[in-house]
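Starting from the given sequences, assemble the full structure and let the hints guide the process.
2 protein chains.
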Amino acid sequence: MTARLAVIRDEAKLSFGMLPQVLGYHLRRAQIAAFKHFARTVTAAEGITPGLFGMLQVIAANPGLAQNRLAEVMEVDRSAIFKVVNQLEGRGLIARTPSDHDRRSNCLTLTEGGLAALARMEALVVAHETEFAGPLSPDERATLTSLLQRLYRGQNDLPGGSRP
Amino acid sequence: MTARLAVIRDEAKLSFGMLPQVLGYHLRRAQIAAFKHFARTVTAAEGITPGLFGMLQVIAANPGLAQNRLAEVMEVDRSAIFKVVNQLEGRGLIARTPSDHDRRSNCLTLTEGGLAALARMEALVVAHETEFAGPLSPDERATLTSLLQRLYRGQNDLPGGSRP
DNA sequence: TATTGTTATACTCTATAACTATA
DNA sequence: TATAGTTATAGAGTATAACAATA
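Here the protein sequences line up with chains A and B, keeping their order.
So for the first sequence, my numbering puts the first residue at 1; every next one is plus one.
So for the second sequence, my numbering puts the first residue at 1001; every next one is plus one.
Quick caveat, the hints were computed from the structure, so don't treat them as lab data.
Take these hints with a grain of salt, some might be off.
What the hints assert, rightly or not - Which chain A residues stay away from chain B? Per the calculated CB distances, all over 10 Å, these:
hint, residue
1, A61
2, R103
3, C107
4, T109
As the list claims (entries may be wrong) - Computed footprint of chain A on chain B, listed as stretches where at least three residues anywhere in the stretch have a Cβ under 8 Å from a Cβ of chain A:
hint, region
5, 1024 to 1038
6, 1052 to 1064
7, 1138 to 1151
The structure displayed is predicted, hence computed values, not measured ones.
Backbone N, C-alpha and C define an ideal beta-carbon position, used for all residues, glycine too.
What follows is the structure in structure tokens.
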């Protein structure tokens, strides 16, 4: 509490060159801030990372989803999904069940414990969202979400995609 | 070119649960899109990643910067900066010079080749920015930048910080 | 004693390729 | 032959702790 003013970091003198003119720079900083806030609030309490929470959301919202489809939707490699599914299964949150139609496929579903854990996580994520997005008004949050969506949807070669 | 319409992915049927209501989800997707676009345009031509380009920008804008300060400003560990500086030095883009005032410190400066390479990179980054931010109007880009800054600046415990 | 750069180490994420079993 | 899952492996990125030289 003492030498607060004296520390006024000389960072202020530093220039960041053209970085402030690059959208990706601000996107990266904002995303890092979001992950750190998520870590302090959700991960610290329930031990789930943003990526794993996203996987759980998609599995919960689409019961019986195959690993294959999960990999497509989350746009990660099959070998990466394999490790993710191993972690979630190892923690008892989801179950792998061989498909009846195609015995190569694993159908993914949440266990009872997984559903209970997910409910706790969702409450924490809502709280995280409220606090993290706190600096912005509801209108501004909607605007930001819309601008971000147009940005990453605009990168697709096929216009009019239907990703959320 | 043939079965375009037939492929209309069943992704459309899938639900993403509450993810679309989470700001960090959209931030992550937008940032991944930005990195991929950067990779296709800038990295493919000049072999520089977004992170290394950021380092070069800060070094170029603050000649003689110590590794120590660079680590502070970029908010990464000293040991991580060490590897970054090794890479940039190994490629002949920057030079390490022991400081006169403090012989522990390395002053970082761009070499002549580094300045030339940076000029080429900057032209590519401007083109990348124009194309990547293309879906948004100039006003919308300014709005987005402002909202992102308020978001990640809002996470600091000290209000009124002076980071770009 | 504290700081700067360095080194070793490890852990996560991501990406690639090869293997198996099914289709 | 093609696909789903698995396995091994390797490369970035990040973090910690310990060390030598210097302050």
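Here is what the structure says about each hint:
no., hint, verdict
1, A61, "4 Å, violated"
2, R103, "21 Å, holds"
3, C107, "14 Å, holds"
4, T109, "14 Å, holds"
5, 1024 to 1038, "holds (count 15)"
6, 1052 to 1064, "holds (count 6)"
7, 1138 to 1151, "holds (count 10)"
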